[in-house]
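Colleague: When you get a sec, could you build the whole thing from the sequences and use the hints?
Residue numbers (numbering that gives the first Met the number 0), protein chains in the order written: chain A, 0 to 508; chain B, 0 to 79; chain C, 0 to 357.
I should point out that these hints are in silico values taken from the structure, not numbers from a laboratory.
Since the structure is predicted, the reported quantities are computational estimates derived from the model, not experimental observations.
Hints are supplied without guarantee of correctness; some may be wrong.
To be verified - Simulated crosslink set (DSBU-like; lysine-lysine; CA at most 35 Å straight-line):
#1 A/143 x B/65
#2 C/229 x C/349
#3 A/375 x A/71
#4 A/307 x A/322
#5 C/7 x A/188
#6 C/296 x C/33
#7 B/65 x A/383
#8 A/292 x A/307
#9 A/322 x A/71
#10 A/462 x A/375
#11 A/24 x C/7
#12 A/472 x C/166
#13 B/8 x A/310
#14 A/24 x B/65
#15 A/383 x A/371
#16 A/292 x A/310
#17 B/8 x A/143
#18 B/55 x A/149
#19 A/472 x A/262
#20 A/262 x A/143
#21 C/229 x C/318
#22 C/3 x A/262
#23 A/71 x B/65
#24 A/188 x C/296
#25 A/153 x A/143
#26 B/65 x A/262
#27 C/44 x C/229
#28 B/55 x A/71
#29 C/132 x C/296
#30 B/8 x A/315
#31 B/55 x A/310
#32 B/55 x A/143
#33 C/96 x C/44
#34 B/8 x A/370
#35 A/318 x A/371
#36 B/65 x A/319
#37 C/319 x C/33
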Amino acid sequence: MSFTSFSFLCFYVCTLIVYYLFPAKIRWVLLLVASVVYYLLSGNSILILYPIAACLAAYAGICFMERFEETKKRRAALVVVVLLLVGSLFVLKYVNFGIYTINGIAGIFRGGRGIISGFQFLIPLGISFYTFSILGYVIDVYNKIAEPQKNFLKLALYGMYFPAILSGPILRYREDGEQFFQPHPFDYKQVTFGFQRMLWGFFKTLVISERMKLIVNTVYDNYADYSGIYIWIATICFALQLYTNFSGSMDIALGVSQTFGIKLPENFETPFFSKTIAEYWRRWHITLGVWMKEYVFYPLLRTQTFAKLGKRCREKFGKKRGKQLTTFTAMLILWFTVGVWHGGAWKYVIGSGLLHWFYIVMGELLSPAYKKLMEKCHICTDGKGLDLWRMIRTFFLVNIGFVFFRADSAAAACHMLASAVRIGNVGALLHGSLFSLGLDFIEFTIAIVSLLILFTISLLQQKIDVREWIAQKRIIIRWAIWYALLFYVILLGYYGPGYSAAEFIYQGF
Amino acid sequence: MTREAAYEKLNEVFRDVFDDEEIVVNDSTTSSDIEDWDSLEHINLVSAVEQAFGIKFSMGQVVTMKNVGEMVDIILGQVD
Amino acid sequence: MNRKQAVKAILFAVIFLFLLQSLTYMLRTNGDIKEIFLGFYAEPKDTIDVVMIGSSPVYPFYAAPKLWGEYGFTMYPLASNVQRPKAAVYLVEEALKTQSPELFVFELRMYTYEEGFMADNMAYARGVTDNLKYSWNRIRLINSLVPEVSERYTYYFDIFKYHSNWKSLVFPDQYTAFRYERLHPLKGYVMHDEVLPGAGADYSDVAEQMAIPAEQEESLRALLAYLQEKDLNALFIVSPMVLDEDMQKKFNYMESIITSYGYDYLNFNNHYDELGIDFATDYYDGGSHVNASGSEKCTAFLGNYLTEHYALADRRGDKKYSTWDEAYVYWQECQKEAMEIINNKVADGKYDAVLEGE
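Modeller: Next comes the structure, spelled out in structure tokens:
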């Protein structure tokens, strides 16, 4: 059930009302029931067996670990659970990617013919998200930094909590888990702030994202017909589309949770204001980055293999280079994983993975040279001008990744990038064809105005808590602001008969 | 090992890892106090500390330790 | 939640709903039908003597201002294009909320059509549902016209459909519709001055009957039963148009049903001579709907018939009906201009292409 659908709104309102009618101590039970209902109503209901099975596997594995204190046995249980969870994720989502790649390689030798035929699987809702939330929990219990949840139903709520199951945030049990089961008394401020956050999410998705989508689709779905500056414009629009769509959905998810008295982790911190790629990944899809760091990157670097590799590299190439080489190798694996998580296709592996690895490695390698250049040109490294330059540069690099992410394929992306730099057709743009890409002059203006509103609020958010600030104002002003935003979304949002429903890009994940 | 001795050794490790001879750490030092101490360097630091003291941090400790004081506590817990 | 918060929350919600309602009323697509319904709701309580319910023939054929000016009673149309017969009962309910008419007149054209054809296009359902004020009656009407439950919410909350008309808010006129009331200058009548001749034929001697589609017969019987139950007076008419033998038979079929319930039936197509209708000059779309010339004749015929058969008081001179006097004066001016244009077109042989029909 899409967050921006009428049926979800009805479902949510009913759940909210019943939630506060329930006695506080067992409100979590209602949330579990609601999450089950939500899952059943979101597509093929039989698929609910997958997340339930995942929770069961985790629960069984943890019970086993609790019974046996010996590391070997606990380890074995962990390995089994990890294989089960990651295995099902792999088979359901990625086996076709593997097959496609194998066929591709075999095809080179067999004149285009593959050797394995692909499978058709129905992908359960949120599998990429709940798998990670549950997996993280099992690993934490193994590492003894999280208390095992003895109540299976409570664990099921953690794994299937409906605001987070659709598209995250990826939860960490030891941080976010316990609050699900605490009694949350009705808090007027939390509920109103939650509503306000949801409204902001609707603004981003229905008003901005949907408009950007039109331009993006026009160019990307007919990429052979477009070149030069059109590629750049469509890509920037895609960056904005993806950002407002994803972070807007997060606003709704977190807003909904806030009305229940539950605080989910943030997934976005105005990422386009980042000054480096490394910083970008601390501000974009934050919970994914955190998860990958804790459960892939660190364990990888702490394996025997890597310890040995590190030693050999330091011996051979010196301390500094050796350390870099080891880290870069681990990062290669990490970024490949991140790319693959986004999708079983090379464009995702490159666009959200290997390309960023390349950026970070280059950043590291070039940083001493860069520093020297700054000194030579007498540029202050703390200046605002430099910050702005770095933000623009980072945004530009990220957008190249987005070309891959959105294009039909890696090959199409290369084609588009090539044509983007080869052809200079800025002139054509200024002659009005900007308004024939899907948004006419008026719609385009609305998009720009809405983006300016978003930009302004994002800037303000760096300094103050905007909702708090508004809450301090007199009632007439507060209500005027909220009514204005409400009706702005109601009038200018893309919804209802005549518009296709707002799809969420990360929904099939 | 005494706390002071631990800190003597630890300072050396920090200076080595971050390539800065001026670093002095204490109980309340956190990652925000040292310029290059990001998540990437954290793991290198942890490995270096493990090697220097001949100990092993658990995965849980690696991700949950909040400041250098906690780190020293763990070190002292494992070293005689 | 304490009392102060509860009050604030409720107040916020109430104001929001009021604003949403007003906004939706303003944004509903402009057109003849919206004007007609706005006009109906604006009429003062208990001032309408005759309410005519039906589809597109209703509002161009019968000029309420003329009926007032020359016969002294007030008539108002509740019409929409391709109005599905099912809707009639609900429109009677809606009318009875603010009016207590002496007579209801029902136009029967749509009863010969298949429900499937009409139900396919949401515009026909919305012509009625999205021109009513919000009420339980409206909800029941929607449930009756929209079988697919999952689609109903865009009717209940028609803002889903009309919010894209936001650009119309640039025009100050839009805001006057916020209560869905705005007096109609010609009391619901829409005048045309185009001419497009049609090939009329007289089938008044055809006596056979042919069954109408089952759903429409069901709707007709339900309507008749409802009228009986509420003890309401009703007349069923068929407006003059280009028809064929089958259609005449279907109208005959309806006649027997209607009279069996004790209600009156009048098929204008059986009275071409008395009407004086001329298919060469009186139609603007080739024989389906009349222009000002044809409308004057039909209105006169209807006026005579109604005053003869029903107890309708002559209210001319009553100060309460001053807007009707104004409407009659305005109608006379428009009629004069339109007749001149029509006569010129006929004389020159310069005819118009067909406009939106039905």
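Colleague: Is the straight-line distance between the alpha-carbon of residue 65 of chain B and that of residue 319 of chain A 35 Å or less?
Modeller: Cα-Cα ~27 Å, so holds.
Colleague: Has the given pair, residue 472 of chain A with residue 262 of chain A, been kept, meaning a C-alpha gap of at most 35 Å?
Modeller: holds, 25 Å
Colleague: Check whether the Cα positions of residue 132 of chain C and residue 296 of chain C lie no farther apart than 35 Å.
Modeller: holds, 34 Å
Colleague: If you draw a straight line from the CA of residue 296 of chain C to the CA of residue 33 of chain C, is it 35 Å or shorter?
Modeller: It holds: about 26 Å lies between the C-alpha atoms, which stays within 35 Å.
Colleague: Quick one, are residue 292 of chain A and residue 307 of chain A close enough, alpha carbons at most 35 Å?
Modeller: Within the cut-off at roughly 20 Å; holds.
Colleague: Sort out whether residue 262 of chain A lies within 35 Å of residue 3 of chain C, counting only the CA atoms.
Modeller: holds, 26 Å
Colleague: Holds or violated: residue 462 of chain A and residue 375 of chain A, Cα atoms, limit 35 Å.
Modeller: holds, 34 Å
Colleague: Take the C-alpha atoms of residue 55 of chain B and residue 149 of chain A, compute the straight-line distance between them, and say whether it is at most 35 Å.
Modeller: Satisfied, since the Cα-Cα distance of roughly 30 Å is no more than 35 Å.
Colleague: Has the given pair, residue 153 of chain A with residue 143 of chain A, been kept, meaning a C-alpha gap of at most 35 Å?
Modeller: Given that 35 Å is the threshold and the Cα spacing comes to 19 Å, the pair holds.
Colleague: Would you mind confirming whether the straight-line C-alpha gap from residue 229 of chain C to residue 318 of chain C stays at or under 35 Å?
Modeller: Distance of about 31 Å is within 35 Å: holds.
Colleague: Going straight from one Cα to the other, do residue 188 of chain A and residue 296 of chain C come out at no more than 35 Å?
Modeller: Distance ~68 Å between residue 188 of chain A and residue 296 of chain C Cα, so the pair is violated.
Colleague: Does residue 370 of chain A lie within 35 Å of residue 8 of chain B when you go C-alpha to C-alpha?
Modeller: Distance ~31 Å between residue 8 of chain B and residue 370 of chain A Cα, so the pair holds.
Comparing the model with each numbered hint stated earlier shows that hints 2, 3, 24 do not hold.
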